Amino acid sequence: MDEVASLRNAEALTSSGLSGFAAQDHVAPLSAVFDSASIAIGGTGEFWMRLPAAMAGTLAAGATYVVSRRILGDPGIAFGAGLFAAVAPFAVWFGQEARMYSLLLLIANAYVWACWGLIDGNIRRWDWALMALTAGLGLWTHHYMALLITAFGVFILARRGFRNRSLWTWAATQAVALAAFVPWLVLTGGQGNATGFEKSGQLFWLPYTLFSDVAGMSLGPSTRDLRLSGTAQVIMQNAPSIALVSAVLAAIAVAGVPVLWRRSRAAAAWILCWGLLPPTLAIALTFVADVSYNSRYAITSFPAVAILVGAAGSRLTTVWSARVAVALTACVVAWSLSNWYTDPHYAKDDLRSPAVTLAQQMGPNDVLVVDNMHALPSLEYYGWRCRPSDVVVSSPEGTKAAARDLSTHMEPRTTWLLVFRPWELDPQGSLLAALGEGRGVVAGAWPGSTLIRYAGSGPVSAASGLTVGCLD
Numbered sequence: 001m002d003e004v005a006s007l008r009n010a011e012a013l014t015s016s017g018l019s020g021f022a023a024q025d026h027v028a029p030l031s032a033v034f035d036s037a038s039i040a041i042g043g044t045g046e047f048w049m050r051l052p053a054a055m056a057g058t059l060a061a062g063a064t065y066v067v068s069r070r071i072l073g074d075p076g077i078a079f080g081a082g083l084f085a086a087v088a089p090f091a092v093w094f095g096q097e098a099r100m101y102s103l104l105l106l107i108a109n110a111y112v113w114a115c116w117g118l119i120d121g122n123i124r125r126w127d128w129a130l131m132a133l134t135a136g137l138g139l140w141t142h143h144y145m146a147l148l149i150t151a152f153g154v155f156i157l158a159r160r161g162f163r164n165r166s167l168w169t170w171a172a173t174q175a176v177a178l179a180a181f182v183p184w185l186v187l188t189g190g191q192g193n194a195t196g197f198e199k200s201g202q203l204f205w206l207p208y209t210l211f212s213d214v215a216g217m218s219l220g221p222s223t224r225d226l227r228l229s230g231t232a233q234v235i236m237q238n239a240p241s242i243a244l245v246s247a248v249l250a251a252i253a254v255a256g257v258p259v260l261w262r263r264s265r266a267a268a269a270w271i272l273c274w275g276l277l278p279p280t281l282a283i284a285l286t287f288v289a290d291v292s293y294n295s296r297y298a299i300t301s302f303p304a305v306a307i308l309v310g311a312a313g314s315r316l317t318t319v320w321s322a323r324v325a326v327a328l329t330a331c332v333v334a335w336s337l338s339n340w341y342t343d344p345h346y347a348k349d350d351l352r353s354p355a356v357t358l359a360q361q362m363g364p365n366d367v368l369v370v371d372n373m374h375a376l377p378s379l380e381y382y383g384w385r386c387r388p389s390d391v392v393v394s395s396p397e398g399t400k401a402a403a404r405d406l407s408t409h410m411e412p413r414t415t416w417l418l419v420f421r422p423w424e425l426d427p428q429g430s431l432l433a434a435l436g437e438g439r440g441v442v443a444g445a446w447p448g449s450t451l452i453r454y455a456g457s458g459p460v461s462a463a464s465g466l467t468v469g470c471l472d
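If you're matching positions, the sequence shown starts at 1 in the UniProt record's numbering and goes up one per residue.
It is worth saying that the hints were derived from the structure and are not from the lab.
Every value quoted in this text rests on a predicted model; they were computed, and no experiment measured them.
Each residue gets a CB set at the ideal place from its N, CA and C atoms; glycine is no exception.
Misleading hints may appear alongside valid ones.
[To be verified] Cβ-Cβ distance ranges computed for the label pairs, FRET-style:
1. R224 <-> T58: 25 to 31 angstroms
2. F287 <-> S353: 36 to 42 angstroms
3. C386 <-> T150: 39 to 45 angstroms
4. A37 <-> N365: 42 to 48 angstroms
5. A129 <-> A253: 19 to 25 angstroms
6. P388 <-> S353: 22 to 28 angstroms
With the hints as extra help, turn the sequences into a complete structure.
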């Protein structure tokens, strides 16, 4: 679904420029520039859409090595950090998704590399320009680059104090970057900034972010598990894998932090700040702004975890705790990657299969009910074309209205119900109940979506949050 949004953004950028892009989405547009160039070369197929993200993800692994080498001056630690960044399920996930996050990860590494001279005293004249450039590119990639900028500002302030000249010079470079981003903020000033949906269990967001940094999203609770079940229930169901990843995090900390501390106290302090402050700021932002939280919003902090893994691995041949940390990390990475490629429970949402099934089996007079309007762009990408009889739900109020009308079963037509991310608009299963539990025949069930066929249809009328026919 998000990848189709990237495609639409790239097409809007190509056809209408930044103003056309801004009219349909408020996300920062830099990744769309690369996406539009890629599809101009090879078309809108999945390979060409995902190629820019894959290239950025590959470069990000190398950049993790480079920034680690600059911060710590230790090729062994840097090699381990780069290797982990290359195989970590979290980084692999976003390196295969046509979104901006692998590009943001690459730029985050470049930004820290450019700024590190402020800490080790080895500042060069052109570093100031790089600080402004990388900060600006990061902001034009994702608004949450500001979290990393803030984290570094807090760190240098704590290290140098208000009166330090370098602090204020750095602040000036960041002001330049922000000024360069202001035009985009003006263009998208009318766009809503709400993202995702409200989540519970705020106390678990930071631990889950660290969990994701090590294990990705394909070990332990899946994203669907977290959204369909309560936090306590999910923890109990996934206790073994959660315990294993917790042991990995503990082992990495025990083996890696002393290495960093002995190597450079300033570097150790920054790496801990880097790993913890951006996600903490992103979580705090949900309490004061109309935004949600997702661990990907703090992807700028991922290199810090990679460096910690590299530090633990650097003592592999001499310290038993390092051997334990490396063995456990390798186990988690292998298990998670195996799940990612072989276990449908962890697969990304599949709307290709419902689109194909509908095209093959749906009759000319049948009615399609889509319980979540967010499914439509992906259905259209995979060939489904809207019909005048389509029923599309776009709000909880629309769910109630559709359930009321569909419960009559007055018309002899066949009804197809596409259930997609029900936790967003129909967490109570109102449409399933209205059409009759047990009356439907499951035409297909795929990761994130289920298609059910029912005999009979109610006459559905348009209402608030409920569209009959094609959306504009």
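**Prompt:** Is the hinted range of 25 to 31 angstroms satisfied by the C-beta distance from R224 to T58?
**Reply:** holds (29 angstroms)
**Item:** Distance restraint evaluation - C386, T150, Cβ atoms, bounds 39 to 45 angstroms
**Value:** holds (44 angstroms)
**Asked** CB of F287 to CB of S353, is that within 36 to 42 angstroms?
**Response** Holds - the Cβ-Cβ distance for F287 and S353, about 39 angstroms, lies within 36 to 42 angstroms.
**Message:** Against the range 19 to 25 angstroms, how does the distance between the Cβ atoms of A129 and A253 compare: consistent or not?
**Reply:** violated (36 angstroms)
**Prompt:** Should the hint that P388 and S353 are 22 to 28 angstroms apart at their CB atoms be regarded as holding?
**Reply:** With Cβ atoms ~24 angstroms apart, the hint holds.
**Asked** CB of A37 to CB of N365, is that within 42 to 48 angstroms?
**Response** For N365 against A37, whose Cβ atoms are near 44 angstroms apart, the range 42 to 48 angstroms holds.
Hint check: a violation occurs at hint 5 only; the rest are consistent with the structure.
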